[in-house]
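Q: Here is what each chain is made of, one letter per residue.
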Amino acid sequence: ETGVTQTPRHLVMGMTNKKSLKCEQHLGHNAMYWYKQSAKKPLELMFVYNFKEQTENNSVPSRFSPECPNSSHLFLHLHTLQPEDSALYLCASSQETAQETQYFGPGTRLLVL
Amino acid sequence: GQQLNQSPQSMFIQEGEDVSMNCTSSSIFNTWLWYKQDPGEGPVLLIALYKAGELTSNGRLTAQFGITRKDSFLNISASIPSDVGIYFCAGLGIQGAQKLVFGQGTRLTINP
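Residue numbers (this note's numbering), protein chains in the order written: chain Y, 1 to 113; chain B, 1 to 112.
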């Protein structure tokens, strides 16, 4: 058990919808991450938060908007997505961003129609 | 930027066989991690390696941190059906914001 939970596990949305993905970690970690996993591609890091502050944005389009209200919770707000945004979105956490071991949640499978 | 080349991309083996996969890079890494991902789930950490030359086991799994710090391998002995999944290597470099770099994954299929 990794101690990182994500909801919803599956999401289907139209291109004009607004939805949010939620991640919660119960490990007492200070750093949280959003990754995108598409078929046949390596994991792509999207955002990094350390002590609630965003420390990295990997050139992610503005239709993805992260929010980290505290060290245990991380959201990804979605707005006017494109079909090519369909993927598995994974949340991870680690003790600190300099800490090597990241623990992943089960992911949200997103389909954009 | 830093990249990892993981091979093979896929493997089809018989139950009971041993498995070997590896990751190489042109860059030096301080840490090597091996994850396994089951369908519809997130990656789960299998083994973490922190020192060049280190050999670490976790049950039937054995992984080594290459002496050059540019490669790592993972071996699975006496494979069983639940070993099916995608195995990812990941490396933590010595520069920048300690970003974790992932390999492309090795998809393991086991015939009973």
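Some hints here could point you the wrong way.
Each computed DSSO-like pair below joins lysine-lysine, with the alpha-carbon atoms no more than 27 Å apart [unchecked claim]:
1. B/Lys70 / B/Lys99
2. B/Lys70 / Y/Lys40
3. Y/Lys36 / B/Lys99
4. Y/Lys36 / B/Lys70
5. B/Lys51 / Y/Lys52
6. Y/Lys41 / Y/Lys22
7. Y/Lys40 / Y/Lys22
8. Y/Lys40 / B/Lys51
9. Y/Lys36 / Y/Lys18
10. B/Lys99 / Y/Lys40
11. Y/Lys41 / Y/Lys19
12. B/Lys99 / Y/Lys22
13. Y/Lys18 / B/Lys70
Just some of the chain Y residues that point at chain B, by a computed CB distance under 7 Å [said to hold, decoys possible]:
14. Ala39
15. Pro42
16. Met46
17. Phe51
18. Ala87
19. Leu90
20. Thr101
21. Gly105
No lab work stands behind these hints: they were computed from the structure.
By construction, the Cβ of each residue, glycine as well, lies at the ideal position given by its N, Cα and C atoms.
Q: Identify every previously stated hint that the structure contradicts and give their numbers, smallest first.
A: 5, 8, 13, 14, 16, 17 and 18
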